[in-house]
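Protein chains: 2
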Amino acid sequence: MNPVIIVGHGPAGISAAIYLKRAGITPLVIGKDAGALKDYQDPVENYYGFSSPVMGSFLIDSGVQQAKRLGIKVMHDAVLKITLKNDLFVLDTLQTQVQAKTVLLATGKTRKALDVSGFSSFKGKGISLCAMCDGYFYRGKRIAVVGSGRYMQSELSELAHLTDQITIFTDGKPLEVDVNHPVIESPIVRIGGDDRVRFVETQEGVHQIDGVFVAIGAPSSIAFASLLGIATSNGNVDVDEHFMTNIPGLFAAGDIVGGKLQIAKAVYDGMLAADGIRAYLKHKEKAPSGD
Amino acid sequence: MNPVIIVGHGPAGISAAIYLKRAGITPLVIGKDAGALKDYQDPVENYYGFSSPVMGSFLIDSGVQQAKRLGIKVMHDAVLKITLKNDLFVLDTLQTQVQAKTVLLATGKTRKALDVSGFSSFKGKGISLCAMCDGYFYRGKRIAVVGSGRYMQSELSELAHLTDQITIFTDGKPLEVDVNHPVIESPIVRIGGDDRVRFVETQEGVHQIDGVFVAIGAPSSIAFASLLGIATSNGNVDVDEHFMTNIPGLFAAGDIVGGKLQIAKAVYDGMLAADGIRAYLKHKEKAPSGD
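Residue numbers (my numbering), protein chains in the order written: chain B, 1 to 291; chain G, 1001 to 1291.
In isolation and in its complexed conformation, chain B is listed as follows (with noise of 0.2 angstroms):
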């Protein structure tokens, strides 16, 4: 059993990861590749202690390598969801599946999650980064469901019992998993409508819809967010004094909760999480039934 699932391997991630492996608690990190820092084309200059700028990228992979050092073991793998089953965490992945007494979201703001025009304008208008949360609103309509691989798969199976008019858009990429519903693989070039999202536009032709769901990748922060129900405000998950959200055992550090998008924010914040963490892991050995 791990004793903490660190979801994220950016500078909140780790830092946690050190302070945790430090306090004699062996944290599991899982992190994917994207992440706002990996994907900041200008170098880092206002981070403390780096006489030469440096690359985001550059000190992502620092980071993991000093985890590593530690014997802190760092998964490359995608957290698809998150579940709650008779006190622990279960985390299905790309490749696995693996259960956490507690876990740490530590998976930065995805800045942008389609690229395409009409997407930051129909957002909450019709375009949906979470089927669980708002598939029910749709329930008998014409629904897109974005996305090729693992996740798109998941997020398929929560919307299929509500509708049989699913489309597939893959947005241009290969699909890579089975699915039983048509499957569109040209480019999407723009979603449309009016006061809400009504058509989306490939490369080959328009398609009207009455809602798209994105599920490129891996779920965003805040999609886990509200499946699980954790309390967010604008945007941001809410998180105490000890970093922990409104779901006992579940908490949050880094650019998820808000604040300063910042390198040093974020270390500092995953340095409080695992004393959060810590304090509540010593907590809950004391009082193991139900507390």
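Certain hints may be false.
[As the list claims (entries may be wrong)] To give an idea of the chain B side of the interface with chain G (calculated C-beta under 7 angstroms), a few residues:
| hint | residue |
| --- | --- |
| 1 | Ile14 |
| 2 | Ser15 |
| 3 | Ile18 |
| 4 | Arg22 |
| 5 | Asn46 |
| 6 | Phe50 |
| 7 | Leu59 |
| 8 | Gln65 |
| 9 | Gln66 |
| 10 | Val267 |
[Stated by the list, open to error] Simulated coverage check for chain B against chain G, where a stretch passes if three residues somewhere in it have a Cβ under 8 angstroms from a Cβ of chain G:
| hint | segment |
| --- | --- |
| 11 | 255 to 264 |
| 12 | 268 to 280 |
Keep in mind the hints are simulated off the structure, nothing from the lab.
Bear in mind that the values here come from a model prediction, so they are computed numbers and not experimental data.
Each residue gets a CB set at the ideal place from its N, CA and C atoms; glycine is no exception.
Once you have looked at the hints, place chain G on chain B.
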């Protein structure tokens, strides 16, 4: 006129300097050699971003280079005294005098001022680190002033009018300044007494005294604080949420304000203090007349 002088070139000071510079305010940084991080012999393993452990001294040097590369002047000097004159801070250093609209104290914490037996037990019981704070209680008494350089001379000038029974102890160091008082250059073996200090023992003999003023190297952060009347609690400088002390325009960040004595925390403090200083300077510009 300097908008900001930052005293200390460790993680908190340099982090603040970088963020100020990025915000269009060029600070002057004054740093001296000592510092908890530089003195720390084990490599740093828990500060995010370094794939291999780094020495504290390496980190300090990297930070200074980082600041200089961004066009920030880092003076290698020691601040002896900070005074307020007509709404401006005047800083006397070993080499010069500089003025600023705001000051950030990021001097860290001196872990040990004098490494002799009895220092810890008699600190506050006849051993003082601040002549201006405690000198008055020793008028007409026998005073030992420990030090050999400019800072000792500066402290001596605060005490000379209070008593004519002052002896300088250089603790084995060669005297670097002229003084009109007896000087004992023999290394100090211990400081002793009963409920308070009664004697200083050097390798050459025992000297009866009533009080010891330690003025080795440069003043500690708490000595600065006491001089200026900055509020402290439990040996930490009190600051508000903008990292400002009770003296308008005087800020403090890093170890000196307490909390976790960690690089990650100092760096984060520095970032927030830069914000606080920026807001303060902006406010001052709008309301220049003694507001």
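Verification of the hints:
Checking Ile14(B) against chain G: minimum C-beta separation of about 6 angstroms stays under 7 angstroms; hint holds. With 7 angstroms as the threshold, the beta carbon of Ser15(B) comes within range of chain G, its nearest partner Cβ sitting at about 4 angstroms, so the hint holds. Interface restraint check for Ile18(B): the shortest CB-CB distance to chain G comes to about 5 angstroms, inside 7 angstroms, so the restraint holds. This hint holds: Arg22(B) has a C-beta 6 angstroms from the nearest C-beta of chain G, less than the 7 angstroms allowed.
For Asn46(B), the interface hint holds, since its Cβ comes within 7 angstroms of a Cβ in chain G; the closest pair sits about 5 angstroms apart. Against a cut-off of 7 angstroms between C-beta atoms, the interface hint on Phe50(B) holds, since the closest Cβ of chain G lies about 6 angstroms away. With its C-beta approaching chain G no nearer than about 5 angstroms, Leu59(B) sits inside the 7 angstroms limit, and its interface hint holds. For Gln65(B), the interface hint holds, since its Cβ comes within 7 angstroms of a Cβ in chain G; the closest pair sits about 4 angstroms apart.
With its C-beta approaching chain G no nearer than about 5 angstroms, Gln66(B) sits inside the 7 angstroms limit, and its interface hint holds. The beta carbon of Val267(B) comes within 4 angstroms of a beta carbon in chain G, closer than 7 angstroms, and the hint placing it at the interface holds. Given a C-beta distance limit of less than 8 angstroms, the hint that chain G covers the segment 255 to 264 of chain B holds, as 4 residues qualify and 3 suffice. Under a criterion of three residues with beta carbons nearer than 8 angstroms to beta carbons of chain G, the stated coverage of the segment 268 to 280 of chain B is upheld, 3 such residues being counted.
In summary, this structure violates none of the numbered hints.
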